[in-house]
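Chain by chain, the residues run as shown.
Protein chains: 2
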Amino acid sequence: MNIIKPTLILDEAKCKANIVFMANKAKKHNVVLRPHFKTHQSLDIGRWFKDVGITKITVSSLDMAEYFAEEWNDITVAFPVNILEIETINRLAKKITLNVLVESVATAQYLMKHLNHSVNFLIKLNIGNGRTGLLPNHTETINAILEATKQSSKLHFIGFLGHAGQTYNCRSKAEIQKVHDEAKTTIVSVKNKYKIQYPKLIASYGDTPSCSVAENFEGLDELRPGNFVFYDVMQVQIGDCTHNDIAVAMACPIVSIHKDRNELVIYGGGIHFSKDRIEHQGKTIFGIIAQNDTNGWNDPIPNMYVKALSQEHGVVVVPPTLIDQYNIGDLIYVLPIHSCMTADLMKRYKTLDGNDITMMLNH
Amino acid sequence: MNIIKPTLILDEAKCKANIVFMANKAKKHNVVLRPHFKTHQSLDIGRWFKDVGITKITVSSLDMAEYFAEEWNDITVAFPVNILEIETINRLAKKITLNVLVESVATAQYLMKHLNHSVNFLIKLNIGNGRTGLLPNHTETINAILEATKQSSKLHFIGFLGHAGQTYNCRSKAEIQKVHDEAKTTIVSVKNKYKIQYPKLIASYGDTPSCSVAENFEGLDELRPGNFVFYDVMQVQIGDCTHNDIAVAMACPIVSIHKDRNELVIYGGGIHFSKDRIEHQGKTIFGIIAQNDTNGWNDPIPNMYVKALSQEHGVVVVPPTLIDQYNIGDLIYVLPIHSCMTADLMKRYKTLDGNDITMMLNH
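Chains A and B, in that order, give the protein sequences. According to the numbering used here, the first sequence holds residues 85 to 447 in order. According to the numbering used here, the second sequence holds residues 85 to 447 in order.
Nothing false has been slipped in among the hints.
Computed list of lysine-lysine pairs in DSSO-like fashion (alpha-carbon distance at most 30 Å, straight line): (1) B:89 with A:238; (2) A:391 with B:257; (3) B:434 with A:431; (4) A:343 with B:234; (5) A:140 with A:100; (6) A:343 with B:197; (7) B:262 with A:391; (8) B:343 with A:277; (9) B:431 with A:179; (10) A:89 with B:431; (11) B:98 with B:391; (12) B:343 with A:262; (13) A:367 with B:391; (14) A:431 with B:391; (15) A:431 with B:431; (16) A:431 with B:89.
The set of hints was computed from the structure by calculation and includes no laboratory data. Keep in mind it's a predicted model, so treat the numbers as computed, not measured.
The whole structure should be built from the sequences, with the hints applied where relevant.
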């Protein structure tokens, strides 16, 4: 491979193993895996999911739904409906089974008035994340939405959807397990409350940490993890994967060496990685460095990390014993803190075999 | 204007006023303004600089140099040379006056061996930023680079370049002034040391905070600020502009309203703003909200800010007295923390008059 600038390298084998792991887990627990494609944003990678029997997907925007509607016909947009994009919604609803999230009577009414085609909706529940959704005790609003839409010929209630994003604050499998148990109980109890009235309703659940770690999905109907397709340094810190599961790394050229302070400067900055960061051993870090291997990368190098990112520069701290082995023009591999954001910025992947993997380009 | 999703709005009048301000300042102090175009990345906006007499520019990558080489013929790439991109360097050097940064003998030797056309170089000095560059007391390396390149027919020494990026840690005009005085003294003293040997050498200097605030540029030959074209919330916090100078804001649709916790959720997340943040009144914030105006935006709304960003969601804290005035589908204007990163993500602007302004698309 002729890499001359920051390039997002994809380890296809690791990525496919992550896909198989999650598909098998869903099968074992008899739940539908409706993977979130916001992480990879790629029709090419989407086909690897088809290979393991996946037929339904999740995305995070209507633009992304339009991109994937080329090859997928059952798509959930896991984002509160943006009513300003009603034309896109109608275009999609004509073509595929479109599932959207509703959490207010106002949105439901707008949709009923303006939809030209059938659309399914899930009520978004706030199951602890505190970002969007109705709290389980917002019974009045839930009932008002159901009442308002009951007679609609276009807008069909199919269930509740929750995202236990608070698992991102966990730092061990045990903590993830605890958050999962609470969040699952919450959504399942709301589902059960409405089950008699709506016998077919589903509970859609999922975030990468809990779907990776938990072994009890009773009462849930589908899982929507996304990040697991690549994992990243943040997930390692959360405790739901190992460095060895991370399927993407950025190859970056060394452009400057500062032996006096044991630092390298790489071509690879905020416009490549994004500015996501984690606190690690008392330091803020923006990536960790993996050993170069004959083909790609290997284990992380202890105490070697990206300490700062500006627009195009990354400043890398190097263990003093290793600084002499680096030369201007060498490539190093950086494991990203947050693979979703990094992939979104890079807009393409190169596999270890040198193949190009395309992505959605516009959002 | 029919805005239906996150859209980066450009106030052309404010932007042009920022350009005129800096051009006049450079003229007044008899230094060349070589503005950094990494912030706007736009040939369209570049032409507004031509209108005030600018003929030389700075960029942060060779890709960006190729984009701007369509209309500009004297470009400095203010980033340590990435020797792996030698073909791009030769392609550019054939077409325009290309100035690059060298800070090691290894890079100088590589260039001398592989250049097909003349290229100017500046030695990058570390004048306090601690990211790249040689310290002023690294005389041995400076002399070695000059010695190695003395007889070169292709690689020509033209001066020293420094970036006092440590001004980004300042929080007042007085602090910026102090950092500027020290950094300027450093680069000018190195320049003076080599002036007898290289009578035409220049000192190239500049970051938005010091160029905005300082009034003493004696001994400097050119200024390279970039961010000032738009400014942003970070620059307001540093102390070198006011909210009224910020020339870009993101128009974002409201998709969810949480009256129980006085929060809105907007369509507008990390893939639109980037994850740059500042500490503000003891809180981490990712943007501040400006009042809607008949045409665009007006002053910031006190105590209204983006408290969290995920991939597509922004969570906005709203003063309790204002929460009732917002409806699903309304647009709000968010002033970005870091306009360079936001513009890079959005890849286009819309002016208040509804005109589209194009940008470089690939890097």
